[in-house]
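Trainee: Top to bottom, those sequences are chains A and B. The working numbering applies: residue 2 is where the first sequence begins, and numbers increase by one. The working numbering applies: residue 3 is where the second sequence begins, and numbers increase by one.
It is possible that some hints are incorrect.
[As the list claims (entries may be wrong)] Cut-off 25 Å, straight-line C-alpha distance, at most; resulting in silico cross-link-like pairs (BS3-like, lysine-lysine): (1) A/Lys380 <-> B/Lys14; (2) B/Lys14 <-> B/Lys116; (3) A/Lys312 <-> A/Lys281; (4) A/Lys315 <-> A/Lys380; (5) A/Lys400 <-> B/Lys290; (6) A/Lys294 <-> A/Lys380.
In case anyone wonders, no lab produced these hints; they're calculated from the structure.
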Amino acid sequence: MTTLCRDCFIVSPQPTVEKRPNVRCRSCGSPRVASHLELESLTIAHIDCDAFYASVEKRDNPDLLDKPVIVGGGHRGVVSAACYVARMYGVGSAMPMFKALKACPDAVVIRPDMAKYSRVGREVRALMEAVTPLVEPISIDEAFLDLSGTAQLHGGCPARTLARLVKQIEDSIGVTASVGLSYSKFLAKIASDLDKPRGFAMIGREEAPAFLAEQPISIIWGVGKAFRQQLAKDGIRHVRDLLPYDENQLVARYGRMGSRLYFFARGIDSRKVEPHSAMKSVSAETTFNEDIKDLPKLEKQLWRLCEKVSKRLKAKDLAGGNIVLKLKTSDFKQLTRSRSLENPTQLSEVIYQESRRMLAKVADGRRFRLIGVGTSDLKEGEDADPPSLLVPELEQVAKVERAIDAVRLKLGDDAIKKGRSLK
Amino acid sequence: MKLTIERAALLKSLAHVQSVVERRNTIPILSNVLLEAGDGKLSLTATDMDLTIVDEVEAAVGEPGATTAPAHTFYDIVRKLPDGAQVEVTAGGEASQMTLKAGRSTFTLATLPKEDFPAGGDSELPQAFAVQAGELRNLVDRTRFAISTEETRYYLNGIYVHATESDGVAVLRAVATDGHRLARFEMPLPEGAAEMPGVIVPRKTVGELRKLIDERDEAIEIALSDTKVRFAFGPTVLTSKLIDGTFPDYERVIPSSNDKMLQVDCKAFAQAVDRVSTISTEKSRAVKMALNGTAMTLSATSPENGSAVEEIEVDYGGDAIEIGFNSRYLLDIAMQIEGDSAVFAMADAASPTIVQDVKDASALYVLMPMRV
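Using the sequences and the accompanying hints, generate a full structural model.
Mentor: Given below as structure tokens:
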């Protein structure tokens, strides 16, 4: 057994396995120690900030420190983040706001300030990248880190480097984070959840199979609600239920996921930590204050979102190869429609016309609570909207849009609008 | 059913029909070829429901009958049999099997009853005319490369063929476009084609048709209606559904007042474009043509690869211009120009450009420039 003090970073071997592994650091007396047999050999980490949006808000307004804080949109929106005080009342992420407020009526609700969070998120990432170049961001506040081969550089094993890193994030940025350390991405991600908040958990090669066997099947990345139900029907509820099957049987039954089930159940995940994983989709959505069923009203909302998506595509110099329309009905049923484009586009007008055509078919009098539009087939910006023989009007549309963009850049987004957004 | 047939003859017929059969079929019977033996002949039919090929070949029929067998397997077997082999085909009886015997080899194939095979349905094809193989070959070659592969505008997934007038002369015109380029080919209107409706012949049919043209130097008989077309090459008959859609008004795409005329040596131009385009990336194959007097500078740049420049001598009298094209499209067109020189008629760097063979006006190509 090896022990790491998360406050003074001393790594000390423990020749005899005591019944209760060190409750305090022998050197500084801190109770925050982490012990593991494989502590010095695990290299793949998942770092996840604790209740990130809420933590940032508390950092910026210390009066909120001991209050339940929920970050989320309006009455109809959902909880984007709930601080640990609010969580004690049973508030969780993605919970509809009205439910959250029912559970915790005293909560301080804060509208999300995404610009601020992404700024802080970038600061956190910069600290991660100072430790290893192999940082794969998953979202604004979490990332995988591969620390293989960094022991020499940092003068200590990855576990120690990570303990220093999260301490540094706490001290210099003011938010806490939890670390999961293992030998693969899949298990690192699971580990970071085990000891939250301010946690430090490890899963080693030796214990992984036994640990996994007892977990519910949904722990495997990619097993969502529908797939879980399908597996349950086949009698597979826990990871151990997968073990009797060989890979071919699982592939025959579940396709590509079958292979993942087979390997993950055995703690094998060969995915590498890939930095700069390219953006995969660009989208925007909105939840209405009141359900909408009229097509013109839906179209007005849609247009606003199309402009948003187009703006992001242009900013990243990307083009969308398809258009995905997403709707949620008043009874929370989600509908998506998608359509490939002949030529990738950046133009809000093209995104609007394509998504509107799909919307017209779906909007049959049902009431909707949410609409979203996006593209998931990203191409390079230079390939966007090539001149076409058959649709010469497109060039005009592009010119108009470029003119609008130029005006907005100078005078702000509200300086010029299309008539359809005013209806 | 029982018959004996020479391997080479059977192989040729199977080759004609098997390529119509899709490799993956959800409907099992569509993987099969229909075999009908009788009267000294074996008739083979394959279909994908849109396109049907029937071929006939002489055979020593011992016992008339019919069955269906997996087309690709049947073809692969016959292909691998030694040259000159006599193939004995037997089917029928209780088991749904067909037996092939050649020399010391014996194969047994599972069959499906001929009743399951979709009937062709002899529809009325009121318009009939004949086109010489050479002319039909030109019609296909000059236009097919521009057929769109994009499924969203399905009416562009074929060649639009119609009867019209060009400068007061009755012509049969073929047009294909994918929105980036357009190819138009004209030939004198064959006798009997004046009343034909405008039809869109699907890409797959064009491909099968093209293979069959090469084996023939006589006239090919064409018959059609609003919904179907039939090409008869003697014993081989290809029947296809037509694309049910409206081909766009292509004439408005062809510019009439382009005045910057450029003449190039077609071969030298194509070679230079090919060399320069080596540098351009897979995704955007843009090549820039900079024209000033009698010199044309072709260039390409790619952030990953580097850059390329080549100068060639041309005949150009207009104002200096820089214009970019997709190099693959330029090469596609250059391949179809058989004469020594090609002429480009341009307006500006953003407008459609016309390309033609200087000596042969039967084909005309329109090319949309790229932003460079």
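Trainee: With reference to the structure, classify each hint as holding or not holding.
Mentor: Consistency of the hints with the structure:
1. A distance of roughly 45 Å separates the Cα atoms of A/Lys380 and B/Lys14; the hinted pair therefore is violated under the 25 Å criterion.
2. Proximity of B/Lys14 to B/Lys116 is assessed by CA-CA distance (about 22 Å); at most 25 Å being required, the pair is judged to hold.
3. Among the hinted pairs, A/Lys312 with A/Lys281 is consistent with the structure: their alpha-carbon atoms are about 16 Å apart, no more than 25 Å.
4. A distance of roughly 12 Å separates the Cα atoms of A/Lys315 and A/Lys380; the hinted pair therefore holds under the 25 Å criterion.
5. Under the criterion of a C-alpha separation no larger than 25 Å, the hint pairing A/Lys400 with B/Lys290 is consistent with the structure, at around 22 Å.
6. Only pairs whose Cα atoms come within 25 Å are accepted, and A/Lys294 paired with A/Lys380 is rejected, the gap being roughly 34 Å.
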